[in-house]
Structure formats: structure tokens, C-alpha cells
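*Asks:* Each chain is listed here by its residues.
Number of protein chains: 2
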Amino acid sequence: MSVEKVLSEAEQVIKEVVPPEIDISGIDFEGSVFVIYTKTLDEFSQNSDIVRQLAQNLRRRVAIRPDPSLLQDEEMAKEKIKQIIPPEAEVSDIYFEHETGEVTIEAISPGLVIGKHGALLNEIKKETGWAPKVIRSPPIPSKTVGEIRDFLKSVREERRQILKKVGRRLNRDLSEGETWVRFTALGGYGQVGRSCTLLMTRESRILVDCGVDVSNINGNGTPYLNVPEVLPLDSIDGIVITHAHLDHCGVVPALYKYGYDGPIYCTPPTRDLMALLQLDYMKVAFGEGRKSLYESSHIREAVKHCIPLKYGETTDVAPDIRLTFHNAGHILGSAIAHFHIGEGLYNVAFTGDFKFEKTWLFNSAVNKFPRVETLVMESTYGGFRDIQPSRHEAAEVLRDIVQRTLKRGGKVLIPVFAVGRSQEVMIVLEEMMRIGEIPWANVHLDGMIWEATAIHTAYPEYLNSSLRTAIFQKGENPFLSEIFKRVDSRETREKLLSDPDPCIVLATSGMMNGGPIISYFKEWADDPNNTLIFVGYQAEGTLGRRIQREQREIVLNEKGQPLNIKVNMEIATCDGFSGHSDRRQLMRYVRTMEPKPERIVICHGEESKALDLASSIYRKFGIETRALKNLETIRVK
Amino acid sequence: MSVEKVLSEAEQVIKEVVPPEIDISGIDFEGSVFVIYTKTLDEFSQNSDIVRQLAQNLRRRVAIRPDPSLLQDEEMAKEKIKQIIPPEAEVSDIYFEHETGEVTIEAISPGLVIGKHGALLNEIKKETGWAPKVIRSPPIPSKTVGEIRDFLKSVREERRQILKKVGRRLNRDLSEGETWVRFTALGGYGQVGRSCTLLMTRESRILVDCGVDVSNINGNGTPYLNVPEVLPLDSIDGIVITHAHLDHCGVVPALYKYGYDGPIYCTPPTRDLMALLQLDYMKVAFGEGRKSLYESSHIREAVKHCIPLKYGETTDVAPDIRLTFHNAGHILGSAIAHFHIGEGLYNVAFTGDFKFEKTWLFNSAVNKFPRVETLVMESTYGGFRDIQPSRHEAAEVLRDIVQRTLKRGGKVLIPVFAVGRSQEVMIVLEEMMRIGEIPWANVHLDGMIWEATAIHTAYPEYLNSSLRTAIFQKGENPFLSEIFKRVDSRETREKLLSDPDPCIVLATSGMMNGGPIISYFKEWADDPNNTLIFVGYQAEGTLGRRIQREQREIVLNEKGQPLNIKVNMEIATCDGFSGHSDRRQLMRYVRTMEPKPERIVICHGEESKALDLASSIYRKFGIETRALKNLETIRVK
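Residue numbers (this note's numbering), protein chains in the order written: chain D, 8 to 644; chain R, 8 to 644.
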């Protein structure tokens, strides 16, 4: 096997580069990373030049890790650390990362953990062998983050084996012959929903996103996964997820059900949000008596196979493909996936969903890359008329609607995705109430919004800088405002439904094709004092779209019986909160992109919008642009 | 299994339709044909209405066959027939077709076999049980046709099993869900050579052609058969071959080597020519010390799996795809493959190589169809400037070149494909010598041209009507002229090479990338009295193209040593003999096509020509036209 040859050649390189006083106790691949174990970690760390030189000569990412024999048993180490740190530090969690030999200490007062000139940290290192890392406790504890951390700990050995297997596969022999790059549209082309693209070279196959079409709950709404290009599933090298919305990742666990056994590459927040939303999707299907595409065991498999990758980090995802994520500005952890193929052969970037504007939550999407020949970009708002108001105009519109509804004693109902729009609307509502622009009222959060918000605060480095500063430096965390009330049980919801007082409710799902929003809508639709406000994109085929298009008589399913609903409540649309770039932003993204790509492929938009955007880009910038159709394959090199 | 259900339902239908006095002894599928065995064949035959009604009610092609117990043993029957027929009839062959219960009697004087009012035929039928069919003996006996007939006889039982298996597969259950039609360019797009397209529906996969790029003998010149779309090979439902040139069928036997085990659909002459050319290709590779893609056993497998289909016959090639061949006018048996997909869902026609002009050999290609939504057409001469002279202009040019060369005592060397151009050039040369337009000289045929010509005379129904009449009614067979000399051994060739007399040599291969033409070229290139005439298309990368482009110093390989050749002989190109439509014919084909297709896809042409033709068709006729690239997939429905 080739990997053995690689390892033995690597030993040679290491011998040449590493001075003899540094002890090497083992080498191996974990995923794409070349791991070197040492009993003299300190000497190694002090000489960063060696690591750089090793990475260069080995032409791989290199991780230096302490030999496991140096690390104290976890439980004993935890006890020791608790003894060393003063109780005023208010440690909220301690967890160990065997892969790096690091122990992370979460505390309300990180300074007290560090001690004077780092004295306590040094003591911890000396006593336990673990390298301590201190972070501030997230302001809202997330159940998901905690559970995933515990789960990964429980499958540590299995994960090591997975990473080793991935590492071996990445180092397989390459065949010789003509090289080429192509990709197949498996879903989400000419439509919004079930995004899925297969990137293929002569050597490798990478699946970029694998989402569900939530507007198609009668069919199963999956991408075209029965085509020969993706079969057998275990021949695929890796799955790359651009962000956690279900239309980009909702089918991923089903891949493990049907035989896929490889890695998933995504940002750390995407991994957590993805698990949260998939679990919810499964539960909702169960609750509505539909057959779920997968079980929770498959979601656990997916989490187990995640290889998290931060913005700007580069990793091999196939023998001839390297992946780098860049901020996409769409939701927490959303990424543009940049693929470098071959040794300088070709570069393709998939935008995923992206926002080319700084929002209340995130920085603007990245559009500068070292190299890009083909750009695959979304076109949700790609139509000629799809001009959206600015963030501030949107806030003003929202203010007016909320004002008049609350004043007339009505309720404001806002369907939102748990992840993304809800947090922005929360920030805006909190600010408007705080400065008195709208009357004080409770803002109830139903359907995982609370938990999603907690995950946001667990990953502050993915928020935009001003929000990060407000939360962590100024202690002004809008999410902690007392106006927000969590709906966390059926009883709370029932009580709220029959409460006559005006209030604001943010509830999922964002397109009203299920979720708790339906309960509120059923109860409140006939009162003209109430208002339903759409703040996000309503896809073709969803209930949200039908109501937005002025359908005023709705038939819903109530325990198998048809339920007729007359929509008398005010229906308002508040554009400008979208996590998607509007037409002007899409065009500006291309215009200011560096380098100018040779080719653009349009996806993730209704057919007419995709075609309109494609021809506009071609006419305006002279770039060959094509709106691909599902099931088509384009060759780019 | 579904097929059992189909058969039992069919029994019901037969009971209803067939009167009780007709005996049914068995039913089954062979390929797409529903076969009914009977002991009372005559009663059946007399009532053609029953057969029609059965076909209608069963919604399948129906074949009525005599119960095998009624047929006399072959050898005994042969003896009996020989006793019945008078020796003056000059019977040249008698062969039995068990599948139909027919015995074919080839004779120089068919009338004497038939007897007065068919008396002898009736006697044969009565005495042997076999239904006699009389045909005129082909004027030139073909070794290939005979060998293939013998081979098929020797594997009769195996073939029956193959056909049964195909029949069962064609009757498999269909899955439910969205239907679609797409195809992938696997070779021969943006290039001439290695034609190969994969036609895919949700249910089925059909490979249309599978050729070799003969200009790429260093690479293996195969289509992209390592892509996941075609793997595993045994998942493909069928292979359709449009004609026998190697750039359309040269890789087919390799498919059997690598696991394909299904049927090949082609016209009867294509089957024979294909085997001939594949065997030659294999031998040439062997002779040149190259690794052949396959062995002769794989060619036999291919022949064994051929399901011959005449022009105008329709057959199921997959549960949801029906195929009809139409004349393409390119070479003997060349076909346009028309696919009807689903029940009225979609229609695609692949032209293969086609000539939209009546030639000395064939009728003009068909361009009227019941329905066609997408046309896939070749573009060998699709460039703006690719205007070819008419057949008659071409003959005049050829006459002048031959005249001056023979007059100055030189030799005329014409590289030709064994199949197609050689027969046309033979007809023209024969006529010109016969009417005294050029001096009398021997025309030597080297490299299978003789055998290919023999196959032409074995399939007179595939020649154009005037040629057929000349041969069979008027007894004027140009191929039998004494000017034609066969080079059938190395000694004959050596003698010819050193013979000082002027002569004409037609030799393969047509693009000078191998074959006996090279020996003549090596010997005669330096004499300015000689002339090399190109009468066919010279693909990029071939020696023919290099010489045509005025390269006058050629380095050839002589038993591993470089051999420098100075080209002093006259180099002439005689356009107009091509089996391909020129630019005007291509445009006229589209303009006069019925019905007008919704979409045209261009293949089989250099990239610039394909693009030029595509944009011209779009501009001129307003039909969406695209020049697909190899490895791309287009969705048409």
C-alpha cells in the first residue's frame, strides 16, 4: 500500500530535519494531517522553524502531539485542575482534547484561571501534562454543543480509526493519464432546495452539500442520489457542507444509512447546528406521521465523521483536491468552499448561500481568492427585480408593522428559520425596545431558536466584530435581554396561545411548511388585529409562499382531518432581513471579485432568476456564465 | 419476478385471441420479441389478423415459430433438399435458422429452386418441416459472412439463453417517480474519434457507439469508460452501434473483457463489418507490437451478443426505450438510431456519421421521423468553409490526377478505409476505365478491401436501388471487373512493391495511421512520378493529416529504428468522396428535417467546427443548439 511507502519516506525526512535531542515516538496520518508524536513536546514547540520545515518537506499539514504516555488520566487531571484554580474563577466546564493534548477550561473569569503571568497555567501543565487553554464561558449554555462534545468524547477511539482510514485513503496511489474536472448538478439547480453537487476528477469524487427540498414533503425531496455518478456511496471521498440549513445538509444522515462511510468537512458551528436541525427535522417528520429519511443513529454517525475546518484553514479532501472555507455571511459558520484541484490544475469556488453585506450578525462574504477559474454561485434573489432594502430600511419597516400591531392590541407572528434570521430579528427588536421605538412586549421564541442562539454565543469568532465586542468586551449581550421568553414545553405554548395580551412570537419553520409556527397561525389567523410578518425567502410550494401570494383560504391537516382557515390577520413582508445577497449584491460580488473568474455557474435559484442572472453577468462582465440544470454535468477543465 | 407475471397474463390474452384449433406449444421472450411456438404453423400463418391482434393486445412484437419437434434434423433436411433441387440451380449454400424454422437456400439460379408455381418449395416444406427461403448467391463470397454464420450456429443454444436473459431484463419492474432523460458525452465530442454516448433515464442506460480514437495509438484512445456513469459495465442495458467504423465500435469487444454481458443492437451488415474491422484492428496492433485492447475471444463474445435489426424495425432496448434504425447513407449498414423513450415521453435521434446525398453506393440519409425532440448530429465537415464538391466533380478531379500519373508512368496510391470509400472509388475507377476516360491499369486492393466488398454484395438490400439493379437485374457488377486485383499475401505485396509498371493501389488504413498503406508509402514516396491521393477525412494527429498539411519529411518506425522518408511524390486531395455530409448538406439536413427538432446537440467534429455549426444552426433556424464537450451531461427532459 502506498501509505506505507509515504510513511517510510517521511521517517527519512524527519530524521534529516529534526535534531537528535528531540524524541519522536510515532508518526501517522489522521485525516489529511501528518501527526508526529513526541515525548519532548516543549523542545519541539520552541523551535517553530522545524515544524515549518517539516511541513514544507513533507508537503503536508503537520501536527506535533505529546506522546500519550505523558498525559495524566483525564479524571485525575480534572481533579488536579480544580484544586489549582480558585473558585472565584467560576469554572463552568473542563474538557480534554486527546488529539492535541490540550485541556480547555471554560470560566466566567478567565483571568483568574491564568494567574499572575500565567503561573496557574504553568502549574497545570507541569502537574497534568496537558496544555491548558482558557476560554470565557459562553453566555448562554448550549445543550447541543455540550452533547456533541460528550458524544465525541465517548467515541474517541472510533474517531481515531475513522481519521486514520481517511488519512490512508487520502494517500492512495494516483492513476496516470489525462486529468479533468467536472461536476454534476444533483439538486438545487433551477430551484431553491435540496442543494447537492458532485465534484469529480479522474481520481476523486466530492459531494458539495446534500440538502432536502422542504417544500416537497410528499415526494421525499432528496437530491438525485440514485444516479450512477454517486454510486456506490462509499466510493465518494468526502462530503463538504457549506452551511447548516436543511436545504444544504438535510439528507446527509441518510447517506450513512445507505452505505456512505467517509468524512464530512464543515466549520465547527455548522457541525453543531446541522445536528440540531437534522434532529428537529426527524422529529417533525415523526410528529407529522411522515416517514423520516433517517434515524438519530444516522445523525450520530454524521457527527462522528465530521472533520471541522475553520475559515482559512486548508485541508486535503481527496488525493488531488484541497479545500479551504471562507466566510459566506449567510448564517453562523456558513462558508464558501474553495477547491484547489491537482497541483495548480484548477480552482473552483462554491459560494453556497451568501450575503455580500455586513449584517447585524456577520461580516460580508469573502470574494477575494488566490485563484478561482470557476465560481458556482447562488441566485435566490438573482432576478432583475429582486432588489432588497438595506438592513436599516428593513428595520424601519419592521418597526412600523410591529408598532401598529402592538398598539391595536394584536400579536406579531414571525416565521423564521431557527438559525440565522431569528437572531437578527432578535437583535433589532431588542434594540428598538431598549431605545423605546416600539412598545415593550414579550418576544417569545418557539422551536429551537433559543438553542440556536446559544450555539451562536458558543462560537463568538464567527460573529462580526462589533457584535463580538458588544458581547465580550462591553458585556452588552442583546440575546440576554429579559424581553426574550423561551417556549420550551407544550404547556408554555398552550398558555401563550390563549393569552390575550399583545406579544411578538418568533417561531419555526421559516417557510411555514411545518413546525410550531403552524399552531400559532391556526389560532391567530382569523383576528385582523394580528400580523404575520415574512422576513425570509418563501420558496415555491411552501405554505408561506401561498399566503404571501394572497391566498386567504387555507386548508390544513388537523390530525388527518381537513381544517379550513380564513386568513384575516394582516400579512406583511419585511424584505431586507435576508441572509441572501440581493440582485445588486450578487452583481457587485462578481464585479469586485478577485481574481475575475473565467466561468460562472449559477445555482440555487428559480429557473427564470438563474437564467436572468446568468445572462446579465455575461452581458455586463463578459464572463461565460451558465445556469446549469439538475442532472446535468459540466466539464470545466 | 415480474416476467413470470407478464407471461401468465400473456397466456390469458392468447387464450382469448387464438381459436382453439390452433395449437400453442410454448411461449417465451427472446430479446424484446414475444415468441409463440405452435404445432399448427400453417393455420397460424393463414390468419395474419390473429398475429396483428396478439401484438396489439400484448403490446409487444410477436414471432410465431414452429414447434421444434416438427423440424427435421438439419443434416437430413439438407440431404433431402439437395435431392429435390435440380443441379442446374447451382446451390451455393443451405443454412437453417432455428429461431424462425426457416431454411435459406442460396443459388446462382433461384428460379430453378422455386420450381413451377413454387412446386419444389412446397415439396421441401412438406418433406422437411422447414420453411424454405431462396436467395441469389452473392456474387463475391464473403469469408466473414460465412464464418459468422457458422459461429452463430455453433453457439445457438448459448444465444438462446442470452436472448432469454435479455428478454427477462427488458420485462423487469419499473420504479416510480419523476422521469427524466439525459445523456453523457463519453467520447467523440469536440473531436473525431472514439464516439461514445451514454443515454440515461431513471430506469435504464444505453451506450450509443463505443469507438476508438485511432489517431491516439500511444494513449489507448478509448472513450471515458472509467467514469462512474458507466460502472459497473454490466449495469448497462444495451449497446447500440450506428456503423462499423472503428471510431464507432472499435472498443466494443473490450467491454466484454471488462464485465459487460448484454446485447449489442446493430444492422446485420454492421455486425459483420464490425467483426471484420475489429479483428483487423487487433491484428494490426499485434503486428506493430502494441498491446491490443482485447483478444479475438472478446470479438466472438460481441458477435454472440449481437441482436441484428434492419432499417425501420423497432425493438425494445430497455424497459422504457425503443430503438429504430434508419438509413444514414455513410457506409454499408450505417444507421441513424432513433430512440423513443417512455410512453410518448421523449424522442432522441443520433445521426451517427451520415451522408445527406445519394452516392454511388447508398441512398441519402433519412431525415423524416414520426417524432424527434432532440437530434444529436455529427459535424465532421461542420465548419463554415467545409464545402465539398459534388460526387461528379470529385470523379472529374480524380480522373485528372489518375490520368496524369499513369501517363507519366507513376503509381497512384490511395489510402482508404476498407469499408465505404474504397467501394465508391472502385466503382468510379471501373467506370472510367470501361468508357476509356483513363488508361487501363490494374487496381490492386490491399488490406481487407476485397473482403469488405464481398460483404457489400452479401447485403444488396442496403445498397442504393440503381446499384442493386445493375448487379442483380442487369448482371453488371462493377466489383467483378477484371481490373481489380486482390493483394492477399505478403508475397503478392512484395512483388507489387517492386513492380515497375504504373498501377493504382487502394490500401488501408484510410488515415495512414497503420496498415499496408504504409509499406507502399515507404517504397514509393520519393518518386515524383507517383501520386498519393486522399479521398477521405484525415483526422488531427494522423500521418495522413501531417502529409496533407505539407509535411515533407516524415520519420517512421522501421522495426524499432527511425526511418526518414522524403516525400517527393505528388500529394493530391480529392474532396467529394466523403461519406460525411458537407457543411451545406448538414444545414440542409436540419432545414428539411421533419419534424423540426426542439434541440440539436453537435458531436463528432473538431471543437471549432462543432461550435461554428451549432451557432449557425441556432442563428439560421432558431433551434437551441449546443456543442457538447466530452464528459459533459445534458438533460433533455
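Worth flagging that the hints you see were computed from the coordinates, not collected in a lab. The reader is advised that the hints may include incorrect statements.
It does not matter which identical chain is used: a pair holds within one copy or between any two.
Stated by the list, open to error - The list that follows gives simulated cross-link-like pairs (lysine to aspartate or glutamate, EDC-like), each with its CA atoms no further than 16 Å apart: (1) Lys636 <-> Asp241; (2) Lys290 <-> Glu547; (3) Lys636 <-> Glu185; (4) Lys150 <-> Glu320; (5) Lys644 <-> Glu614; (6) Lys132 <-> Asp74; (7) Lys150 <-> Asp100; (8) Lys87 <-> Glu130; (9) Lys627 <-> Glu183.
*Asks:* Cα distance capped at 16 Å. Does Lys150 pair with Asp100 within a copy, between copies, both, or neither?
*Replies:* within (13 Å within a copy, 87 Å between copies)
*Asks:* Evaluate Lys636 and Asp241 at a C-alpha cut-off of 16 Å and name the case that applies: within, between, both or neither.
*Replies:* Neither way: Lys636 and Asp241 sit 25 Å apart in one copy and 28 Å across, limit 16 Å.
*Asks:* Could you figure out if Lys644 and Glu614 sit no more than 16 Å apart (CA to CA) within one copy, between two copies, both or neither?
*Replies:* between (25 Å within a copy, 15 Å between copies)
*Asks:* Checking Lys150 and Glu320: alpha-carbon separation at most 16 Å within a copy, between copies, both or neither?
*Replies:* neither (27 Å within a copy, 68 Å between copies)
*Asks:* Taking 16 Å as the upper bound on the Cα-Cα distance, should Lys290 and Glu547 be classified as within, between, both, or neither?
*Replies:* Classified as neither; 24 Å inside a copy, 61 Å across copies.
*Asks:* With identical chains, the pair Lys132 and Asp74 could be close in the same copy or across copies; at 16 Å between alpha carbons, which is it: within, between, both, or neither?
*Replies:* within (14 Å within a copy, 92 Å between copies)
*Asks:* Evaluate Lys627 and Glu183 at a C-alpha cut-off of 16 Å and name the case that applies: within, between, both or neither.
*Replies:* neither (40 Å within a copy, 44 Å between copies)
*Asks:* If the cut is 16 Å between Cα atoms, do Lys636 and Glu185 qualify within a copy, between copies, both or neither?
*Replies:* Answer is between: at 15 Å across copies they meet the 16 Å cutoff, but 27 Å inside does not.
*Asks:* Between Lys87 and Glu130, at a C-alpha cutoff of 16 Å, which is it: within one copy, between copies, both, or neither?
*Replies:* within (10 Å within a copy, 110 Å between copies)
In this structure, the hints that do not hold are numbers 1, 2, 4, 9, in rising order.
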